[in-house]
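Engineer: For the record, the sequence lines run as chains H and F. If you count the first sequence from 1, you need to add 1217 to reach my numbering. If you count the second sequence from 1, you need to add 1217 to reach my numbering.
Be aware that a few hints might be false.
You can't tell identical chains apart in this list, so a pair holds if it fits in one copy or across any two.
[As the list claims (entries may be wrong)] Straight-line C-alpha distance at most 20 Å; calculated SDA-like pairs for lysine to any residue:
| # | residue 1 | residue 2 |
| --- | --- | --- |
| 1 | K1386 | G1465 |
| 2 | K1386 | G1362 |
| 3 | K1276 | G1416 |
| 4 | K1386 | Y1524 |
| 5 | K1386 | R1365 |
| 6 | K1276 | V1523 |
| 7 | K1276 | F1304 |
| 8 | K1276 | A1294 |
| 9 | K1386 | G1318 |
| 10 | K1276 | A1532 |
None of these hints come from the bench; they were simulated from the model. Because the structure is a prediction, the values reported are computed rather than measured.
Number of protein chains: 2
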Amino acid sequence: MPADAKGGSLEADVVVVGAGLAGLVAARQLEGAGMSVAVLEARDRVGGRLLNEPIGDGKVVEVGGQWVGPTQTRMLALAKTVGVETFPTFGDGENLIEIGGELRRYRGTIPPVGRTALLDLAQAQRRIDRLARRVPPEAPWEARGADRLDAVTFWSWMRRNVYTRAGRKLIRLAVEAVWAAEPEDLSLLHVLFYTRSGGGFDRLLDTEGGAQQDRFVGGSQIVAERVAAALTGTPALGAAVRRISHGGDSVRIEADGGVTVSARRVIVAIPPTLCGRIAYDPPLPGRRDQLTQRMPNGAVVKCMAVYDEPFWRAAGLSGQATSERGPVKLTFDNSPPDGRPGVLLGFLEGRHARRLGAADAGERRRAVVECFARYFGPRAAEPERYIERSWAEEEWSRGCYGGYFGPGGWTEYGSALREPVGRVHWAGTETAIEWMGYMDGAVRSGERAARDVLAAERRA
Amino acid sequence: MPADAKGGSLEADVVVVGAGLAGLVAARQLEGAGMSVAVLEARDRVGGRLLNEPIGDGKVVEVGGQWVGPTQTRMLALAKTVGVETFPTFGDGENLIEIGGELRRYRGTIPPVGRTALLDLAQAQRRIDRLARRVPPEAPWEARGADRLDAVTFWSWMRRNVYTRAGRKLIRLAVEAVWAAEPEDLSLLHVLFYTRSGGGFDRLLDTEGGAQQDRFVGGSQIVAERVAAALTGTPALGAAVRRISHGGDSVRIEADGGVTVSARRVIVAIPPTLCGRIAYDPPLPGRRDQLTQRMPNGAVVKCMAVYDEPFWRAAGLSGQATSERGPVKLTFDNSPPDGRPGVLLGFLEGRHARRLGAADAGERRRAVVECFARYFGPRAAEPERYIERSWAEEEWSRGCYGGYFGPGGWTEYGSALREPVGRVHWAGTETAIEWMGYMDGAVRSGERAARDVLAAERRA
Chain H
1218 MPADAKGGSL EADVVVVGAG LAGLVAARQL EGAGMSVAVL EARDRVGGRL
1268 LNEPIGDGKV VEVGGQWVGP TQTRMLALAK TVGVETFPTF GDGENLIEIG
1318 GELRRYRGTI PPVGRTALLD LAQAQRRIDR LARRVPPEAP WEARGADRLD
1368 AVTFWSWMRR NVYTRAGRKL IRLAVEAVWA AEPEDLSLLH VLFYTRSGGG
1418 FDRLLDTEGG AQQDRFVGGS QIVAERVAAA LTGTPALGAA VRRISHGGDS
1468 VRIEADGGVT VSARRVIVAI PPTLCGRIAY DPPLPGRRDQ LTQRMPNGAV
1518 VKCMAVYDEP FWRAAGLSGQ ATSERGPVKL TFDNSPPDGR PGVLLGFLEG
1568 RHARRLGAAD AGERRRAVVE CFARYFGPRA AEPERYIERS WAEEEWSRGC
1618 YGGYFGPGGW TEYGSALREP VGRVHWAGTE TAIEWMGYMD GAVRSGERAA
1668 RDVLAAERRA
Chain F
1218 MPADAKGGSL EADVVVVGAG LAGLVAARQL EGAGMSVAVL EARDRVGGRL
1268 LNEPIGDGKV VEVGGQWVGP TQTRMLALAK TVGVETFPTF GDGENLIEIG
1318 GELRRYRGTI PPVGRTALLD LAQAQRRIDR LARRVPPEAP WEARGADRLD
1368 AVTFWSWMRR NVYTRAGRKL IRLAVEAVWA AEPEDLSLLH VLFYTRSGGG
1418 FDRLLDTEGG AQQDRFVGGS QIVAERVAAA LTGTPALGAA VRRISHGGDS
1468 VRIEADGGVT VSARRVIVAI PPTLCGRIAY DPPLPGRRDQ LTQRMPNGAV
1518 VKCMAVYDEP FWRAAGLSGQ ATSERGPVKL TFDNSPPDGR PGVLLGFLEG
1568 RHARRLGAAD AGERRRAVVE CFARYFGPRA AEPERYIERS WAEEEWSRGC
1618 YGGYFGPGGW TEYGSALREP VGRVHWAGTE TAIEWMGYMD GAVRSGERAA
1668 RDVLAAERRA
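Whole structure, please, built from the sequences with the hints as guidance.
Structural biologist: This is how it looks when you write it as structure tokens:
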């Protein structure tokens, strides 16, 4: 395939729609098994929800997904294979928490929010973990009591099972950080599935030992870029797929730029909500289509301020702050490995992303930088550069971190999430059993979809 | 416009996307104000979710929306204008209810389910109506306590506010009948808004005095057909709209069949979930796009069995049955005005439509006809003809009766439901303030969108 789609009719054994991690890994696996693969990508770049932003001197920050944790073994293995190393998320010094109108410093993972709130948090988390263990991640709808777990929002669960105001605020903060959505949006069953899928509530939230432990040298997007570069079939860029004809014993894909590809099978490796936007001939079965209506993406604006140096470190601060007030409720020191320049990272998530995401860019920047200054002092008010990315605005993602189910989703539609429709297969982190929603889930989903295609072809 | 799109570039003052009632009414109003209008319709017919099915002798049944109630004044006025009359839904004789494994006959609107259950139902309904009155239908997110009302599923509300098993079963039945969804799927705030929008819970459910009171002679679709026939700009059929370019001081619409139309404004009169499937240039704002990810359509299979005569009438039965067992949980006598042939109508709704909708057609027919026979005796087991329509399978509806919000939808995204995006306006029953989800709401939404366009053009 040409690097840029210039039209023309092509043939391949398999077409992959989407050159995010899931699609690229699927293509890599299939090529490894001797198949020819055509990868079609709507954007003018590969990587999907992974995106590096250069900040000078050959250094980058990531405006998309960036972290990897120790149990995310498939992503770690992939990075190793393509020669991308990791380095630890900066965490030396004291963290900050803003609660009850007060900014407090603390060390380690236990914030100074009072003994009662901490006990409350601990018991809530234990309950979530215990409930999560009864959810089979490959089939959450088969959990004991799945109907009831899927009949309520996570907010309803919190109302009954978290007893203190501070506890509720901190759990809300955790929900926003993990799902870029609110407790009101999520089915309890989805929270439990996701917790199970990531190996525990702590694992989702933690830096050391958890999903935020490490970063990639050179930025996460280079993992995708290197996987893409190693493919025989270079992804076609600017080739948004508009139609998939799949009635007979082959598939035919039509994409922007006049590209058409004939193949035996197709792997659609994009978020479920975007799967519904392609025209299928014959149309998708009602249940599969209605699934795509019920798995919205979260909303997040990832914001970074660049300073000549990470000045907060000299003040004994780690750069990690959490705030119940916000709108930036979570920050990190996101400086490059050598600590130059200094980069503060702040997230607008869930309702804050929805509200400020629709605001004027100047207003949003002011609100974000004001938070940085409140947490880290007046020097934070004068960044050299401000970088942001609102993922709901991105035509080819339409939200981050990923898709989630509200009440009723898993039990009524979950079994359609991975089930192929004839020769049309589904990949993407939303289809993962382990680490759904993360890069690791994307990699696993690509590997699984490739296996499914190979198995189906062997049967044929 | 040609009746069938054969390509070519056209110009109009306004383009309307979708020749359902909303779009047709908008076009009618705009033409009435002296504008030229091009209506583009994806299907090979007009009417959208209204669809007549001939059953011989010039008679029809409707496989889509069919009823009209006395307070649905805009739909009644429209029908009158185009010369379509109404006749009462058949209701003479005794109704049936199947509950606790027993089939019972009764007269009127109060089923024989025991005094306790009836009292329970009455108090629950009073509470719903009282809560609904605090919801301003034009801005449900501004209701007192909107955040909390939108944080829970209607199921959660039922668990606390409906006390008897029979009461819960009957309320579930009502929810399935009104929304083609389950109590687990719906935000409490959505149920309250919808109840308010229709003028009370009883109004939604009732035949006499309610939304199911009357039918249209000749079938509801002829209202749409006559409105379409009276337009100067005949709707272009087979013209699925794929792209709306709207950046400058005009819009340009590209549709299947090589049709392109330039205009000053566009009214998109299709369900919100389908609005997200069109490509927009520039892309829609994130908040509007994410709304389209959060308003799924219900699931219903409308099923009818045709007999030489409505034999149940002779047995003193009205043809109206409700059952907690199902899968057909609601039936009507849907015979033509003269009572020949006899037609039994049964609905598969919500989870029953999702499950049986994915089943083999023969299996589904057997399950439906078996219900008819259980309710109306062995003669019902041998219909002359069986007719069904599964609306989730329909590429250009993807569900019925309409879109709904789960928790978090109204409060976080509701204000984007009607708000134009520059020159792109939104219509369709989902955008209605009164009788949202009904034909009447569709008519009102078309009138409102036309007013908005005219006002915007006057300002320009």
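Engineer: Confirm or reject each hint.
Structural biologist: Taking the hints in turn, this is what the structure says about them:
1. For the identical chains of this complex, K1386 and G1465 are neighbours neither inside a copy (54 Å) nor across copies (45 Å), given an alpha-carbon limit of 20 Å.
2. In the homo-oligomer, the alpha carbons of K1386 and G1362 lie at most 20 Å apart only across protomers (19 Å), although the nearest pairing inside one protomer, at 27 Å, exceeds that limit.
3. For the homomeric pair K1276 and G1416, neither the shortest alpha-carbon distance inside one copy (33 Å) nor that between copies (61 Å) is at most 20 Å.
4. Within a single copy, K1386 and Y1524 get their C-alpha atoms no closer than 31 Å, and across copies no closer than 62 Å, so neither meets the 20 Å cut-off.
5. For a Cα distance limit of 20 Å, the shortest separation of K1386 from R1365 across copies, 15 Å, qualifies, whereas the shortest one inside one copy, 25 Å, does not.
6. Taking the shortest alpha-carbon separations for K1276 and V1523, only the intra-copy value of 12 Å comes in at or below 20 Å, while the best inter-copy value is 73 Å.
7. In the homo-oligomer, the alpha carbons of K1276 and F1304 lie at most 20 Å apart inside one protomer (14 Å), although the nearest pairing across protomers, at 74 Å, exceeds that limit.
8. In this assembly of identical chains, the alpha carbons of K1276 and A1294 never lie at most 20 Å apart, being 24 Å within a copy and 67 Å across copies at closest.
9. For the homomeric pair K1386 and G1318, the shortest alpha-carbon distance inside one copy (13 Å) is at most 20 Å, but the shortest distance between copies (47 Å) is not.
10. Neither within a single protomer nor between protomers do K1276 and A1532 lie at most 20 Å apart by alpha-carbon distance, with minima of 25 Å and 84 Å respectively.
Of the numbered hints listed earlier, those contradicted by the structure are 1, 3, 4, 8, 10.
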